[in-house]
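Chemist: Residue numbers (the working numbering), protein chains in the order written: chain A, 1 to 236; chain B, 1 to 236; chain C, 1 to 236; chain D, 1 to 236.
Where hints are given, some of them may not hold.
One copy or two, it doesn't matter: identical chains are merged, so the pair holds either way.
What the hints assert, rightly or not - Dumping the calculated DSSO-like pairs for lysine-lysine here, alpha-carbon to alpha-carbon at most 30 Å:
(1) K41 <-> K104
(2) K111 <-> K236
(3) K72 <-> K112
(4) K201 <-> K185
(5) K104 <-> K94
(6) K112 <-> K236
(7) K112 <-> K195
(8) K195 <-> K95
(9) K111 <-> K95
(10) K95 <-> K185
(11) K94 <-> K195
(12) K201 <-> K95
(13) K94 <-> K2
(14) K94 <-> K236
(15) K236 <-> K41
(16) K195 <-> K104
(17) K112 <-> K94
(18) K23 <-> K72
(19) K41 <-> K112
(20) K94 <-> K41
(21) K236 <-> K104
(22) K201 <-> K236
Hint data in this document are derived by calculation from the structure and do not stem from the laboratory.
Here's the letter readout for the chains.
Number of protein chains: 4
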Amino acid sequence: MKLLVTQNYETLSQITADIILMKWSENRRVNLALTAGASPKRVYEILGERLNQVGFDQSLAHFYNFDEITLKNQELGLTMQALIDELYQPLGIKKENIEILTAKNYQEYDKKIAQDAGLDLVLMGIGEDGHFCGNMPQFTSFEYGVYRVPLEPEGELYRLIESATPHTPGDEMVTFGPQTIMSAKELVLIATGEKKAEIIKQALSGPIIEDVPASILRLHPNLTVILDEAAASQLK
Amino acid sequence: MKLLVTQNYETLSQITADIILMKWSENRRVNLALTAGASPKRVYEILGERLNQVGFDQSLAHFYNFDEITLKNQELGLTMQALIDELYQPLGIKKENIEILTAKNYQEYDKKIAQDAGLDLVLMGIGEDGHFCGNMPQFTSFEYGVYRVPLEPEGELYRLIESATPHTPGDEMVTFGPQTIMSAKELVLIATGEKKAEIIKQALSGPIIEDVPASILRLHPNLTVILDEAAASQLK
Amino acid sequence: MKLLVTQNYETLSQITADIILMKWSENRRVNLALTAGASPKRVYEILGERLNQVGFDQSLAHFYNFDEITLKNQELGLTMQALIDELYQPLGIKKENIEILTAKNYQEYDKKIAQDAGLDLVLMGIGEDGHFCGNMPQFTSFEYGVYRVPLEPEGELYRLIESATPHTPGDEMVTFGPQTIMSAKELVLIATGEKKAEIIKQALSGPIIEDVPASILRLHPNLTVILDEAAASQLK
Amino acid sequence: MKLLVTQNYETLSQITADIILMKWSENRRVNLALTAGASPKRVYEILGERLNQVGFDQSLAHFYNFDEITLKNQELGLTMQALIDELYQPLGIKKENIEILTAKNYQEYDKKIAQDAGLDLVLMGIGEDGHFCGNMPQFTSFEYGVYRVPLEPEGELYRLIESATPHTPGDEMVTFGPQTIMSAKELVLIATGEKKAEIIKQALSGPIIEDVPASILRLHPNLTVILDEAAASQLK
Numbered sequence: 001m002k003l004l005v006t007q008n009y010e011t012l013s014q015i016t017a018d019i020i021l022m023k024w025s026e027n028r029r030v031n032l033a034l035t036a037g038a039s040p041k042r043v044y045e046i047l048g049e050r051l052n053q054v055g056f057d058q059s060l061a062h063f064y065n066f067d068e069i070t071l072k073n074q075e076l077g078l079t080m081q082a083l084i085d086e087l088y089q090p091l092g093i094k095k096e097n098i099e100i101l102t103a104k105n106y107q108e109y110d111k112k113i114a115q116d117a118g119l120d121l122v123l124m125g126i127g128e129d130g131h132f133c134g135n136m137p138q139f140t141s142f143e144y145g146v147y148r149v150p151l152e153p154e155g156e157l158y159r160l161i162e163s164a165t166p167h168t169p170g171d172e173m174v175t176f177g178p179q180t181i182m183s184a185k186e187l188v189l190i191a192t193g194e195k196k197a198e199i200i201k202q203a204l205s206g207p208i209i210e211d212v213p214a215s216i217l218r219l220h221p222n223l224t225v226i227l228d229e230a231a232a233s234q235l236k
Numbered sequence: 001m002k003l004l005v006t007q008n009y010e011t012l013s014q015i016t017a018d019i020i021l022m023k024w025s026e027n028r029r030v031n032l033a034l035t036a037g038a039s040p041k042r043v044y045e046i047l048g049e050r051l052n053q054v055g056f057d058q059s060l061a062h063f064y065n066f067d068e069i070t071l072k073n074q075e076l077g078l079t080m081q082a083l084i085d086e087l088y089q090p091l092g093i094k095k096e097n098i099e100i101l102t103a104k105n106y107q108e109y110d111k112k113i114a115q116d117a118g119l120d121l122v123l124m125g126i127g128e129d130g131h132f133c134g135n136m137p138q139f140t141s142f143e144y145g146v147y148r149v150p151l152e153p154e155g156e157l158y159r160l161i162e163s164a165t166p167h168t169p170g171d172e173m174v175t176f177g178p179q180t181i182m183s184a185k186e187l188v189l190i191a192t193g194e195k196k197a198e199i200i201k202q203a204l205s206g207p208i209i210e211d212v213p214a215s216i217l218r219l220h221p222n223l224t225v226i227l228d229e230a231a232a233s234q235l236k
Numbered sequence: 001m002k003l004l005v006t007q008n009y010e011t012l013s014q015i016t017a018d019i020i021l022m023k024w025s026e027n028r029r030v031n032l033a034l035t036a037g038a039s040p041k042r043v044y045e046i047l048g049e050r051l052n053q054v055g056f057d058q059s060l061a062h063f064y065n066f067d068e069i070t071l072k073n074q075e076l077g078l079t080m081q082a083l084i085d086e087l088y089q090p091l092g093i094k095k096e097n098i099e100i101l102t103a104k105n106y107q108e109y110d111k112k113i114a115q116d117a118g119l120d121l122v123l124m125g126i127g128e129d130g131h132f133c134g135n136m137p138q139f140t141s142f143e144y145g146v147y148r149v150p151l152e153p154e155g156e157l158y159r160l161i162e163s164a165t166p167h168t169p170g171d172e173m174v175t176f177g178p179q180t181i182m183s184a185k186e187l188v189l190i191a192t193g194e195k196k197a198e199i200i201k202q203a204l205s206g207p208i209i210e211d212v213p214a215s216i217l218r219l220h221p222n223l224t225v226i227l228d229e230a231a232a233s234q235l236k
Numbered sequence: 001m002k003l004l005v006t007q008n009y010e011t012l013s014q015i016t017a018d019i020i021l022m023k024w025s026e027n028r029r030v031n032l033a034l035t036a037g038a039s040p041k042r043v044y045e046i047l048g049e050r051l052n053q054v055g056f057d058q059s060l061a062h063f064y065n066f067d068e069i070t071l072k073n074q075e076l077g078l079t080m081q082a083l084i085d086e087l088y089q090p091l092g093i094k095k096e097n098i099e100i101l102t103a104k105n106y107q108e109y110d111k112k113i114a115q116d117a118g119l120d121l122v123l124m125g126i127g128e129d130g131h132f133c134g135n136m137p138q139f140t141s142f143e144y145g146v147y148r149v150p151l152e153p154e155g156e157l158y159r160l161i162e163s164a165t166p167h168t169p170g171d172e173m174v175t176f177g178p179q180t181i182m183s184a185k186e187l188v189l190i191a192t193g194e195k196k197a198e199i200i201k202q203a204l205s206g207p208i209i210e211d212v213p214a215s216i217l218r219l220h221p222n223l224t225v226i227l228d229e230a231a232a233s234q235l236k
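The whole structure should be built from the sequences, with the hints applied where relevant.
Modeler: Here's what the structure looks like:
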């Protein structure tokens with residue numbers, strides 16, 4: 001594990017944007033799975049500026065959503081809607097470069113990734129409960145590839161999703177499991193703010209256990225963890 | 001450059017077969033460009049035995065012909081005919097895993113390779129004139145990507161081809177150029193027999209010049225050269 | 001995980017020997033941690049033949065013992081004695097290329113490996129109890145780097161060691177932990193014979209848990225598992 | 001070749017600084033050869049800021065000067081003096097992490113690099129005459145490893161050096177040759193300003209010839225070229 005502790009969110013975002021840029025600009029197909037959400041907001045703004053400032057062939061990168069949550073009466077799920085709003089649309093990523101994981105194709109998706117030559121880079125955040133991608137405590141197991149979690153209206157997960165969208169949650173969530181993520185060539189995990197300090201301590205220096213799903217990531221030989229000082233404040 | 005000098009052709013062939021096997025069995029798509037011809041004959045026999053003896057998912061490798069010579073009134077060119085006979089058919093490689101370079105598509109082929117995520121391994125021989133793939137002295141230039149050489153019935157190249165096939169040579173040859181080959185992740189060059197000793201000396205220890213096209217290969221950071229003792233006999 | 005199931009031990013050994021040979025012959029320093037024991041016996045015989053048959057600069061590889069068990073009144077521990085007998089001495093590996101993990105230096109060893117530029121290749125076997133290196137069920141934890149296990153004369157581990165050597169076991173065992181091994185660039189796990197079939201099934205297709213230490217290895221992005229058919233017989 | 005054309009020198013410098021930072025922060029020994037001179041001035045300023053802002057173990061990188069020009073009555077040569085002033089001193093790089101190429105040890109230096117596990121990253125500029133490192137037209141040859149060029153007081157090279165230092169030039173220059181540089185795992189070439197536009201056109205789109213030494217670099221499979229718009233202005 002490579003650990004970078006930055007003084008602030010801006011520096012974290014600049015470095016992370018450049019890591020993505022360096023992969024994107026490889027002169028061959030690269031497969032990128034980049035997270036939606038609050039943590040990378042500034043990363044993608046800087047990445048957008050870079051794309052305006054830096055000329056290269058942008059057509060060789062393919063983009064993968066690493067999880068999806070179905071929504072009632074919606075063609076697209078929660079993750080894909082967010083990625084389009086936050087990443088694909090603002091950065092001008094074309095339809096033919098977007099690979100879509102859904103509740104329909106998830107059983108074939110590990111095979112598809114292998115046929116696409118594997119994932120080159122995965123950018124992830126971490127939840128306060130230790131989840132990465134859709135790997136929630138109690139629901140994930142380290143040996144899982146791409147898998148499905150049913151959503152039950154009484155469950156905590158359902159309520160969490162409900163609070164994050166104006167739409168009604170659907171019946172299921174699908175996600176790249178630990179096995180899928182650990183097969184990627186390079187992983188980047190970012191976390192910012194004091195709210196993440198406790199779980200970062202657990203994930204990076206506590207036991208590697210399924211109750212803290214992100215703890216497994218530090219066994220990947222090419223993991224980079226980038227934290228601001230607040231998120232790192234409980235590390236020794 | 002990594003140089004292995006083996007006592008005999010059998011050892012050379014075993015090692016080379018295992019190099020190919022290790023790539024082929026990656027659990028993701030790999031792109032292999034393997035030479036036809038006399039030098040790898042035993043390599044492919046051993047590889048065929050390995051495929052019978054070793055179980056793995058063979059469907060993830062794609063095979064590229066790195067050159068092609070058109071033939072009059074023949075659907076397939078000289079290289080593809082040889083590859084089918086010597087490699088694809090005996091090893092049971094399926095049509096959907098065979099990528100075909102032709103005189104029709106060569107101008108788009110560097111782009112295609114990039115879109116396919118690049119070449120993972122190229123296995124080449126060397127000609128007594130120093131050629132590799134279809135890069136002949138007088139016809140190649142180090143900066144060429146995939147390119148075309150017209151065949152002229154009075155030319156030496158034409159006569160060379162004529163002697164190698166019962167068919168009538170066509171109008172052109174296409175080949176991965178030095179730039180295309182040097183972009184691959186890993187290169188393997190094999191040579192056997194005393195007849196190759198002089199050109200091996202020139203290619204591996206003489207000046208790096210277009211008159212000895214294969215001399216450029218030793219600037220690749222992941223080149224393995226495997227020689228039997230006869231082919232290595234003029235190296236100091 | 002790349003899985004190769006070979007018809008027999010001889011093929012397994014040839015392939016494994018060539019994997020080691022290809023690393024050893026890199027034209028730069030490489031760091032290899034190769035297991036002692038019964039499983040690789042034929043591997044090292046073939047590797048010895050290769051070294052006689054294949055000329056290359058052998059001086060650039062450094063060899064690491066990934067565990068050590070102290071013995072009373074012996075300068076060298078059990079692992080180093082075995083490695084000298086089975087690998088270093090027969091293959092003519094020189095003193096200056098042998099890096100030694102001991103009960104004295106283990107606390108500095110993760111740092112040392114990093115300063116040496118990391119491990120390029122680790123070759124391991126698997127115990128019937130699921131151990132790899134010295135990572136025994138009940139004694140290991142996935143987050144451990146190089147660590148120490150005290151040997152207690154009443155313990156099962158002590159008795160196991162006692163049965164494997166004419167010497168009296170010492171006070172401790174040290175071993176590369178899961179974190180150390182998972183940081184290596186490439187892992188190879190070999191297993192042969194029906195006696196390993198049950199644990200191979202558990203390690204490769206069961207849950208990833210500390211009670212089956214080797215189960216963690218399949219989360220490494222560059223793991224190759226090579227089994228003979230007997231060892232693979234309980235995989236689906 | 002990966003080509004990035006940036007709108008301005010600041011963006012070029014930020015990206016280049018982050019490329020170096022990402023290597024430097026690997027959690028294992030890395031070997032970096034970074035150029036002195038005007039082009040990377042802002043790169044190193046930004047890198048210095050990053051080192052203040054970003055916490056990581058800085059002790060694992062080793063720094064190599066890729067050329068040296070001896071000076072009369074000076075312990076250190078021209079390059080090392082510049083590197084100390086521009087890079088090593090301002091960035092707080094410790095003596096034990098600085099590897100020194102001199103006119104005394106150059107004949108052993110390719111061997112030393114191999115024993116050190118190879119170069120991970122080389123950052124270079126380009127001269128208006130097409131030189132990279134100390135590879136000048138008329139003086140270099142593509143097959144050279146680390147080599148020596150005698151300085152003759154009547155020569156152009158001597159006068160060039162004289163104009164760049166208050167000291168008297170010594171008898172010789174030593175430099176990593178094309179073979180040494182092409183063996184590195186990753187290359188980065190930067191160029192800025194209109195004065196470099198003509199040579200960039202020649203080096204990146206003209207013939208690959210020893211009269212334009214830097215033209216050879218584009219045959220490296222992991223070369224990144226970063227230009228500002230002025231330097232790229234003559235590319236089509």
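Chemist: Tell me, in ascending order, the numbers of any earlier hints that this structure violates.
Modeler: 7, 8, 11, 12, 16 and 18
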